[in-house]
Structures are given as structure tokens and as C-alpha cells.
Amino acid sequence: MAKQHYYAFYFDASACSGCKACQIACKDKYDLIVGVLWRRVYEVEGGEWVKAGEVWQQDVQVYNVSLACNHCEKPICLEVCPAGAITQRNDGIVLIDPELCIGCEYCAWACPYGAPQYDHVRGVMTKCTFCYDLIDQGKAPACVSACPMRALDYGLKEELEAKYGAAAAIFPLPRAVLTEPGLVITPHRHAAPANSKEVHIANQEEV
Amino acid sequence: MPRLRIVKRCILPTRRRYKLKNVKTSALLAFSLLAQAVVGELRWVMAFAEKRYLVGLAAVGVLLGLAIFTSLLHLGTPGDAYRAVRNWRTSWLSREIIALLVFVLVWAMSLVLYNQGLVGNLGSIGLELLNLPGLVLVYCMAQVYMLRTVPGWNTFGTFLSFYFTALLLGGVVFILIESPGDKKLRIAVVALFLLLILQIITNSLLVRKVQPEARHLAVFQIGMFLVALPALVWLLSAPISGWLYAVLALLVAAEILGRFAFYRHRLREGI
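For the record, the sequence lines run as chains P and C.
Under numbering that gives the first Met the number 0, think of the first position of the first sequence as 0, with each following residue one higher.
Under numbering that gives the first Met the number 0, think of the first position of the second sequence as 0, with each following residue one higher.
Here chain C stands alone, though its shape is the one from the complex:
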């Protein structure tokens, strides 16, 4: 049966390839958001945590594990992932992996310091030094996209966008875990919205260099913000309720959409 042979030999492998490509892209998207959320959360915990800093640090560990797991999913041969650090001399991807490993070590050290009650001995400079590997990690992640052949990614906006994502998603996780008091919670949510505005402005600056098809995604992201804005106003004027979670979910969805647009519609030179 010739038609069945064609389906089996050509179309089915194509469908499997399409599904595989979607899994790899989704894994990469998840890793980039999780890794940046982890960096941001550590920053929020060290700066503002009062009650549940150990839980916050533990959450960093859980998200780190999830980030590392999803990063393996985007590889063709996950068992050989250890080789990803070999070309650190020229490859920013190798440097990103090394920065991630250093971040894991610093996180573990922070957990020990907090557990032993030794954080107070560090002082503000010591605390900033603990945050430095996170900044370096996000910098390396952005540098991965500084490809001279992909002008859509190769902009300063990529760095800004990644740092804003780190603070925004990290803040969402921090709010969920720390559950700050009423006044501090409202200030935190306003700060997250300001970060989203900065994120949208940054992406709008990038959109000029991105393919036209990405513009409708950017408009959708702005639309989500406009939907969330009245919710924010109501949230600030009324007692905090369960609607807080809906607002936070909208913020996370806007971030996911923005990152999807970033990956999906890059302007490249050539083919």
C-alpha cells in the first residue's frame, strides 16, 4: 500500500520531529525562566526576608533542581551534559553552565550560613557578594544570545529583559513564600508591576528589530498588563484576598508570553 508507506516513512517522522522540537523549545524556555527566577528569588530573600528565609532558600533549591532538570530535556544526549563546560574559552554557553554550578555552591553556602545563624556576621558587603554569582549567571545567560548573526537578540535590551525577569519572577516566588504583611505586600506587588512595565518597554524597543509577526505577541503582552492593571488598583484599595494569586498568575503569564515571543520570532541574518 504505497500511501501507507509514504505516511510511515515521511509524515510520521515529521510529526515526531515537530513534537520533539516543541519539547526542546519548551524545555529551553522553562530553564531560562526558572534559572532567572531563582537568581531573583535569592536576591529578594537576602534583601527582604524576615520570617521564612530558610523556606525561601529551600525554594531556591527546589527551583534550581527543576531548572537543571529542564535544561537536560533540551539536549539531544542528556547523559553527555557534563561535556557542556569543555569550551569555556570561547562559548558563553559553557560559561553559563559554570556560572550555574558556582551559583549552586553559593546557594548551598547561604543555606548553611542562614541555618547556623552566621549571616549577621557577613555585613552588607558580604551579602552582596553572595548575590554576585546570580548576577554573573544572568549576565552569562544573556551573553549566550549575543550572536552577531542574530541581530534580533544581539541588543542591550536582552540583558535588561533578563534582569527584569529575574527580579519579577523572583519577587512572585518570594511573595508566595514569605507572605509579607499587608503594607509590605502592596509595595512588593506595585514593584512587580513596575518591573513588568519596564519589561514591556524593553521588549518594545526590541520589537523594532524583531520580525513583524512578533509584534502581535508584544501587543498581547501589553493587553495582559492592561487587564491586570485594574486588578492591581482594586487590590491596593481593598483588603488583600485570594485575588492576589490571580494577579500574580497574570504577571507570570505575561513573562512566559514575553519569553516565548523572544525565542519564537528572532530576526537573524541569512537563512
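If we strip away everything but chain P, and leave its shape as in the complex, we get:
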């Protein structure tokens, strides 16, 4: 069977300033309630002061990771949803049907990217939709259009990989082999590998 051509996000961690314009654009477009973030910007930091002779120097590692749903090729959320509320389009976009969702949060347990978010007002799970309404019109998702640093892009995964390379796992992301995310990354020079213990998320209370 021929490989499906799936949409993916591209994220340039070396260009991201952490301004969160992408996060706000998404919240604004979908009028998301307080506490629901379909796109989250993680501030990753690590490092310490190191004595070099008579002086102290720092080896600070800091970078940002803007992350939404990666519309994975092997979406574990779709496998585990008991109500069959999660489906995948032919172009790879994974969607949650709020009419079928029963709000059990099992998909949130399973997803290693924190994509499914519980809407406590409606009692259902929600997540990034890749702005499929804009995609179907040939336009870019709201987050991609909003980024002032042009750190976000979108397209078919193989085209993005040919253009930017194939890196898809830096901290705090998990190994790509788990769900084959539709995500291509240009790592920051400070980027730590997936599952690194040297760095941590500094803004956990925001995401």
C-alpha cells in the first residue's frame, strides 16, 4: 500500500523567541476557555554556574518549544478512545468529534504531547484541529500565520523533511518512534535530546 501523504508542522526552535503569538492566535480563533491551550509554548532551561579557574562562568541552556497536536501517523489517542470519537482524515489530520466524546480523558493519558485538553464547561476533550477549515481553503493554520519569527511552517511531512531535515524529538518531546508525529524540527543550539535529565520545563504552571 502506498504511504499516505500527511500534513505536518515544522518548528524552528532556533528562531522561536517564546512570544506565544501562536498560542494566542489559536486561543483567539477558537475562543478557547481559560485552562485549555491547543498550542503551548514550553520554556526549557538548564545549566548552572561552573568555576573556571578564578572566575565563575555559566553554561545556561535555554530554548522554547511551541507544540500543538502533531497529528501523528500512529495516533495513540485514536487507538485508545473508547467512544470512537477520534478519527483521522486521509491527509493525516486527527480530529475529536465533541458529539461522540464522553470526556473520559483516556486520550490525554495516552498522548505523550499533552495535545488532548479537557473542556470542563462542555465535558469533552478538545485539541488542535490543524485549522482544517483554513487548510481546506489552501490557507495556513492560525498559529503559522501569527508567528512573527516565521518559526512555524506547515505542509506535507516528506516535503518539510526534504526542506528542513528530519529531526522530530528534542526535550521535552518523547521519542518519535512511539507515535510517528507529524512534526519536523530545527533544533536550537542548546536543544537537549528527548528524555534528557539535564534540562527541565521552566513554565510548567503556564502549560
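It cannot be assumed that every hint is accurate.
Straight-line C-alpha distance at most 20 Å; calculated SDA-like pairs for lysine to any residue [what the hints assert, rightly or not]:
#	chain 1	residue 1	chain 2	residue 2
1	C	K183	C	Y52
2	P	K73	P	G52
3	P	K73	C	Q142
4	P	K73	C	P150
Chain C stretches covered by chain P per the calculated footprint, using a threshold of three residues with CB under 8 Å from any CB of chain P [unchecked claim]:
#	segment
5	88 to 97
6	145 to 151
These are computed hints drawn from the structure, not numbers from a lab.
Heads up, the beta-carbon is just placed ideally off N, CA and C, and yes, glycines get one too.
Got chain P sorted already, so can you dock chain C onto it with the hints?
Frame of chain P; chain C shown alone:
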């Protein structure tokens, strides 16, 4: 008044969300313990009940109803719970619900068989077949946690832990209802303590894969066992008294603590 607006729009919804999350987690914890207790109790009733087997089976029904009610509490839209069986092809949660429904049917059938005095016609193989849906239910419950993205849960220890819980909690309910004779009661209580030891050993094997914060909960569970141990020794050496209920309560508390630690501190890959 800007500060009041911020409180109303941001902080109050956050507090409501925190309370809601606690209710959902508590409901899930209660369901998992109740459902396993029910499976264990049915096993104890079929294997050892002499006098009050109908009361034991009725207790299974009460706990089953309570388990099903608490399972609805952890859903965002409980009225749509019937949809939970739709994705049985790939979702172990759907299969768990189906197994629960089958267990309910088998329990009802057992009640009829015992009531009509037809259990003796079944033979030992027939009785084991009546217990099979319970084993399948606990297996499905454990499989729900076999997520490749959550290595802290995705271990053989989860299966062992769930089966030990079923036998331990089921045994506690059985002792309370059946009130076995002195000698049989002491043997049953010792068996429950052995199950708790096996449970703690299993959780200790899991703890290596769990976040460090969970270790102090595991130590607390061991501490409760050590407190209960002298009570057990005294219980076995003295006439049975009301202290039996305190010992059983300690066993149940240790189980609740262990399950809380299981849910609260899972090691996952990614975010």
C-alpha cells in the same frame, strides 16, 4: 475593580477545575478498587462460602452498582456513557466495559443458580467458568494501563497488583459478611496479610520505574503494614475481638494508598 475581575475570570475557574479534577480522579480510583473487590469477593464466595452465600452474592451486586455509579462520575458527559463500548476493536477501555457487562450477567446468573439450589449441579469446572468473567475483567482493567507512552504503568507488575487487590479487598468483604469460624477466620486474615506483602513487593518492583516522589508513598504503605503486623500477631494469639475490624480497615487503607500512588505518580514519556 480589575483585581476582582481577574479573580472571577481566572482564579475561580482554576479552583473549580482543580476540584473537578480531584472528583474525577477520586471516582476513577474508587471504581478500580470497587470493581476489583467485586471480582475478588465473588471468588471468595464461590470457593469458601458456607452459610451466607446469598448475602455474599447480594453484596457483590451492591458493590457492582456502586462501582458502575462511580465510573460514571469520572466522565465529562455521563449521559453518553453507553458510547464507551463503540471502539472495542482497538480500545481496551471499551473491552473493559464489555467485560464488566458480561460480569454483571454472570453474577445475576450465579444469584439465580444459588437461589434455586442448582450450584451443586455445576461441578468444580462449572464454578470456575463462573469465575472466568471476573478474571477477564481484571485482565482488561490492567490492559487499559498498558500504554506504550506510560512506561510506569506498562509493566507486568500492574497485572499482578490488580489481581492481588481483587483477592485482598474481596477477602475483606467476604470476612465481614460470612463471619467465618475462629480458625477459618484466622487463616483468612493471614492470607490477606500475605496478599498485602505480595502487593508491596510488586509495587516496590514498579517503584523503580515510577517518579521518585512516589517512593515516599510506597514507604508509607510499608509503614502501615508494619503497624498492622503486631496487630495481626496479637489477633492470632488472642480471642477474636472488635480489633479485627481495625486490622481489616488498615488493610483497606493500605490498598487505597497503593492505588492512589499508582495513579498519582506515573512515569510517562514526553509531556
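Hint-by-hint comparison with the structure:
Proposed proximity of K183 (chain C) and Y52 (chain C) is supported: the alpha carbons are some 16 Å apart, at most 20 Å. Simply put, K73 (chain P) and G52 (chain P) have alpha-carbon atoms about 51 Å apart, too far for the 20 Å limit, and the pair is violated. Between K73 (chain P) and Q142 (chain C) the CA atoms are separated by roughly 19 Å; this keeps the pair inside 20 Å, and the hint holds. For a cut-off of 20 Å, the pair hint linking K73 (chain P) to P150 (chain C) stands: about 18 Å separates their Cα positions.
Coverage of the segment 88 to 97 of chain C by chain P holds in this model, with 6 residues showing a Cβ closer than 8 Å to a Cβ of that chain against a need of three. Taking a C-beta to C-beta cut-off of 8 Å, the segment 145 to 151 of chain C contributes 4 residues in contact with chain P, enough for the three needed, and the coverage statement holds.
In summary, the structure is inconsistent with hint 2 from the numbered list given earlier, while agreeing with all the others.
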